[in-house]
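K.L.:
Given these sequences and hints, build the entire structure.
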Amino acid sequence: MVAEKELIAKIKELKQIKPNPDWASLVKSQILAKGDYSIPEKAPSSGKENVLSLFFSKFFFQPRLKPVFAFSLTLFLFLGLFGFAQHTVPGDFLYPLKKITEQGREFFVSRDDLPKVQLEMANKRLEELTQIVKKNEVKKLAPAINEFHANVEKAAKTLANSTSSNPEHIKALVNETQKIKEQKEKVESMGVVLGETKELDSALSQLAEQELKRFEGQILTDDQEELLKQANKYYKEKNYARALEVILQMSYPQQ
Amino acid sequence: MKHLQESFSKIYDQYIEKIYRFVFLKVNSQDIAQDITSETFLRCWQAYQKNNPNNEIKNVSAFLYKIARNLVIDHYREKGRTDVVSVDFVTLNDQKPGLEEKIAINSELEQMKTAISKLRDDYQNIIIWYYLEEMSVPEIAQMLGKTEQATRVMIHRALKSLKGHFGQV
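Protein chains in written order, with the numbering used here: chain A, 1 to 255; chain B, 1001 to 1169.
I should point out that these hints are in silico values taken from the structure, not numbers from a laboratory.
None of the hints are false.
Here are some chain A residues pointing at chain B (derived, C-beta under 8 Å):
1) Leu7
2) Lys10
3) Ile11
4) Lys12
5) Ile17
6) Ala24
7) Val27
Note that beta-carbon positions come from the ideal geometry of N, C-alpha and C, so glycine has one too.
P.N.:
Written as structure tokens, this is what we have:
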């Protein structure tokens, strides 16, 4: 076994291992000739950041595309606002935007379907009222009730001017009227006084009368005669929606 | 920039032999030792520029050895992934009769190299640093992240282990 001193001496002889001087010199000059690394490199960004920075660099920093970008951004914000406004209730800041959307919808609806659409709006007002009552937002009650009445008046006016005798239209009107009646009762059971919807009743009365007159003088079956009697009875009781339901049965006899 | 180049040039001159020797003893190939050594100094130069003039690299020696150790580890890790090649197709890494070839002729030196290569990695390092490069115990302790006492113990054990391997070669 070699002595420790001898071993250490042999270790030190490995100092003879040296790099080729030409190689060392070449490497040194190559390394020092490399680019300036004093500018810190940017940390690799997430894919999301790269996409965003690319998007903005393409649009934001190109002068000729700025108007396009500005328009797109405005449109996006506008649509976003309208989308958010759909969840508002009377008394909210963005509620007028919701009304504008609903009014815009009416432009695309036929004259015969308009009363039904407007009654749907009135039903929506009752739904909003229900939300307000549940959340106990007392300050919003008055505007919500006013909105409901405004919608009902509007629907009633349209209905009164309508001349359609199409059973499908009448059926849709009856359905919406029934929904309003049920919703109204529900809201009133929560302690909210909504008052009467005289304009709607008046419009329905007019429609029911118009339909009853249509069947007078016609040759009817026994069943139809019976239904007509029922319809008249409901009409006299001022239950115009029910009268119209019975009249519909005359138009579409149930088998 | 010029100032940095000058100061780094001095660092390069001071450590190029030590780092090369350190790597060569671990990989036993001139070409690979050259590649790893040049990469070590390149990375150090990059860090040197980034950290200057505000935060200088405090211990350049430790920094260089750390880079070199990691590159050697990477080399062996990569080597482990390569396919086994038939002995018939193995070519010599170094065709030129460099100084390393002359050393290889010296059998005792070759024995020492072989004995060191058989040591575990931390013993190799400590033998090279303490006996070959004559670094101080505090210096080595700092690099290893150990106490001086633990480092002394480790030096003693490394030498003992080397003695055992050298005797077998």
